[in-house]
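J.: Can you make the complete structure from the sequences, with help from the hints?
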Amino acid sequence: MTISTIVLTGAIVSIVPIEQSMAAETLTRTELCGKLQQQVQHAMTEHAEAKRAAKAKALQKTGTRFCASNKQAQGIRSYAQALKLLGVQPVDD
5 MTISTIVLTG
15 AIVSIVPIEQ
25 SMAAETLTRT
35 ELCGKLQQQV
45 QHAMTEHAEA
55 KRAAKAKALQ
65 KTGTRFCASN
75 KQAQGIRSYA
85 QALKLLGVQP
95 VDD
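Mind the numbering: the sequence shown is residues 5 to 97 in this note's numbering, read in order.
Be aware that a few hints might be false.
[Said to hold, decoys possible] Capping the alpha-carbon separation at 27 Å, the derived lysine-lysine pairs in DSSO-like fashion look like this: (1) Lys-39 - Lys-55; (2) Lys-88 - Lys-39; (3) Lys-88 - Lys-75; (4) Lys-61 - Lys-88; (5) Lys-39 - Lys-65; (6) Lys-59 - Lys-39; (7) Lys-59 - Lys-88; (8) Lys-75 - Lys-65; (9) Lys-39 - Lys-61; (10) Lys-75 - Lys-61; (11) Lys-75 - Lys-39; (12) Lys-55 - Lys-65; (13) Lys-65 - Lys-88; (14) Lys-59 - Lys-75.
Think of the hints as simulated: they come from the structure by calculation, not from any bench.
T.: Spelled out as structure tokens, the structure:
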């Protein structure tokens, strides 16, 4: 019984740092807005000649307005749609 307690304690101790590191990597919605805004801006310069660039630009502006007025979820969706129109996968890490 003592050996199983030691093994269980060791397993719990080894899991805690993993959970803490995952929590540190989680972005807030505000941080995600900023990250996606930069990604959309970069994608707009890379794909300026895309068929849907004008629609993507409109969605970028909408996303910026949403994020600035504390409606980050809507802003994030707008940025993601803009990236999708440009054929770019959103990166949130």
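J.: If a hint holds in the structure, say so; if it does not, say that too.
T.: Consistency of the hints with the structure:
1. Restraint check for Lys-39 and Lys-55: the C-alpha separation of about 24 Å stays at or below 27 Å, so the hint holds.
2. Restraint check: the Cα-Cα separation between Lys-88 and Lys-39 comes to about 16 Å, which is no more than 27 Å; the hinted pair holds.
3. For the hint linking Lys-88 to Lys-75, the alpha-carbon distance of about 20 Å falls within 27 Å, and the restraint holds.
4. As the CA atoms of Lys-61 and Lys-88 are separated by approximately 12 Å, the hinted pair is consistent with the 27 Å bound.
5. Of the pairs offered as hints, the one joining Lys-39 and Lys-65 holds, with about 15 Å between alpha carbons and a cut-off of 27 Å not exceeded.
6. This hinted pair checks out: Lys-59 and Lys-39 have alpha carbons roughly 20 Å apart, not beyond 27 Å.
7. About 11 Å separates the Cα atoms of Lys-59 and Lys-88, which keeps this hinted pair within 27 Å; it holds.
8. Taking the CA atoms of Lys-75 and Lys-65, the gap is about 13 Å. The hint holds against a cut of 27 Å.
9. At most 27 Å may separate the alpha-carbon atoms for a hinted pair to count; Lys-39 and Lys-61 meet this at roughly 16 Å.
10. With a CA separation close to 19 Å, the supplied pair Lys-75 and Lys-61 stays within the 27 Å bound.
11. Taking the CA atoms of Lys-75 and Lys-39, the gap is near 15 Å; set against the 27 Å cutoff, the hint holds.
12. Of the supplied pair hints, the one linking Lys-55 and Lys-65 holds, its CA atoms being roughly 18 Å apart against a limit of 27 Å.
13. A distance of roughly 15 Å separates the Cα atoms of Lys-65 and Lys-88; the hinted pair therefore holds under the 27 Å criterion.
14. Our distance criterion of 27 Å between C-alpha atoms is met by Lys-59 and Lys-75, whose separation comes to about 20 Å.
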